[in-house]
Amino acid sequence: MEIGKPERQITVEPLEDPVPREMPAEEPERAPAEPERETVPAA
Amino acid sequence: VTGAPDYIAAIVGWRVWAVLDTDDGTRLASVYYRVPWPVRHRLSGECFAGNGLSRFLGWHSEGHLAPNRECQCGIYAARDVTNALQHLRATHRPLHSSSGLARTKPFHYVLGWVSLWGDVVECRAGWRAEHAYPQRIFVPARTLASESVTDVETIAESLADYGVPVEILAGVGTGSEIARVLGPQARAA
Chain A
1 MEIGKPERQI TVEPLEDPVP REMPAEEPER APAEPERETV PAA
Chain B
1 VTGAPDYIAA IVGWRVWAVL DTDDGTRLAS VYYRVPWPVR HRLSGECFAG
51 NGLSRFLGWH SEGHLAPNRE CQCGIYAARD VTNALQHLRA THRPLHSSSG
101 LARTKPFHYV LGWVSLWGDV VECRAGWRAE HAYPQRIFVP ARTLASESVT
151 DVETIAESLA DYGVPVEILA GVGTGSEIAR VLGPQARAA
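Those protein sequence lines, which keep their order, are chains A and B.
Each step along the first sequence adds one to the number in the working numbering, with nothing skipped, and position 31 is 31.
Each step along the second sequence adds one to the number in the working numbering, with nothing skipped, and position 27 is 27.
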């Protein structure tokens with residue numbers, strides 16, 4: 001590609017990554033909730 | 001200690017890509033060297049100095065990191081879409097032909113915006129960069145020879161792997177048609 005003569009050399013450090021992130025993986029199945037503990041009345 | 005960068009946002013320019021079938025799927029590739037562009041990972045420039053073909057093109061003879069101001073290396077992008085299209089016309093070969101450098105053969109050519117960052121050599125009409133990734137891809141529905149591309153939607157869908165917007169340019173193929181359709185956005189940066 002013809003882009004002409006160099007004019008200057010610069011440094012570019014984007015704050016935001018130009019590469020899109022991977023699609024989030026499917027959420028793992030949630031572990032079954034722990035059964036509620038029976039409350040024992042205080043003596 | 002590194003110095004402060006000159007810019008904190010990627011430069012955006014125009015370029016054209018060949019579209020190849022690879023073992024990993026449909027991929028963009030540089031038109032001349034047919035280097036496949038990875039999906040969801042940046043492409044980093046590499047100087048081909050020492051490559052016999054490059055020696056005659058004004059490249060530095062000693063190895064170095066790309067881009068080097070005194071060489072011709074780096075990942076290229078143009079300020080203007082017409083400039084990028086001129087490159088495509090200049091290097092265009094009939095589809096499915098072999099360039100000698102290519103291990104795989106392109107079945108279409110597309111264009112788009114590309115983000116550039118890292119060390120960048122700024123030139124009068126474009127840039128040569130250390131790192132790059134497509135930002136937006138336009139898929140012409142016709143080839144430069146005005147042949148219809150029957151599977152243009154499939155091509156567009158497969159290029160969606162890059163995770164950036166992919167847009168079909170319906171009914172256009174030639175450089176002047178593309179430049180007209182893209183008119184208002186023909187200058188990306």
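Think of the hints as simulated: they come from the structure by calculation, not from any bench.
If you're wondering where the values come from, they're calculated on a predicted model, not measured in any experiment.
Treat the hints with care, since some could be wrong.
[What the hints assert, rightly or not] Simulated restraints on C-beta separations:
| no. | chain 1 | residue 1 | chain 2 | residue 2 | range |
| --- | --- | --- | --- | --- | --- |
| 1 | A | I10 | B | A160 | 29 to 35 Å |
| 2 | B | S44 | A | E22 | 33 to 39 Å |
| 3 | A | D17 | B | T154 | 17 to 23 Å |
| 4 | A | E22 | B | T154 | 18 to 24 Å |
| 5 | A | E22 | B | D21 | 30 to 36 Å |
| 6 | B | F107 | A | I10 | 19 to 25 Å |
| 7 | B | R180 | A | K5 | 28 to 34 Å |
| 8 | A | K5 | B | G171 | 36 to 42 Å |
| 9 | B | E147 | A | E13 | 41 to 47 Å |
| 10 | A | D17 | B | H64 | 21 to 27 Å |
For glycine and all other residues, C-beta sits at the position ideal for the given N, C-alpha and C.
query = So which of those numbered hints doesn't the model satisfy?
reply = As far as the earlier hints go, 2, 3, 5, 6 are violated by this structure, in ascending order.
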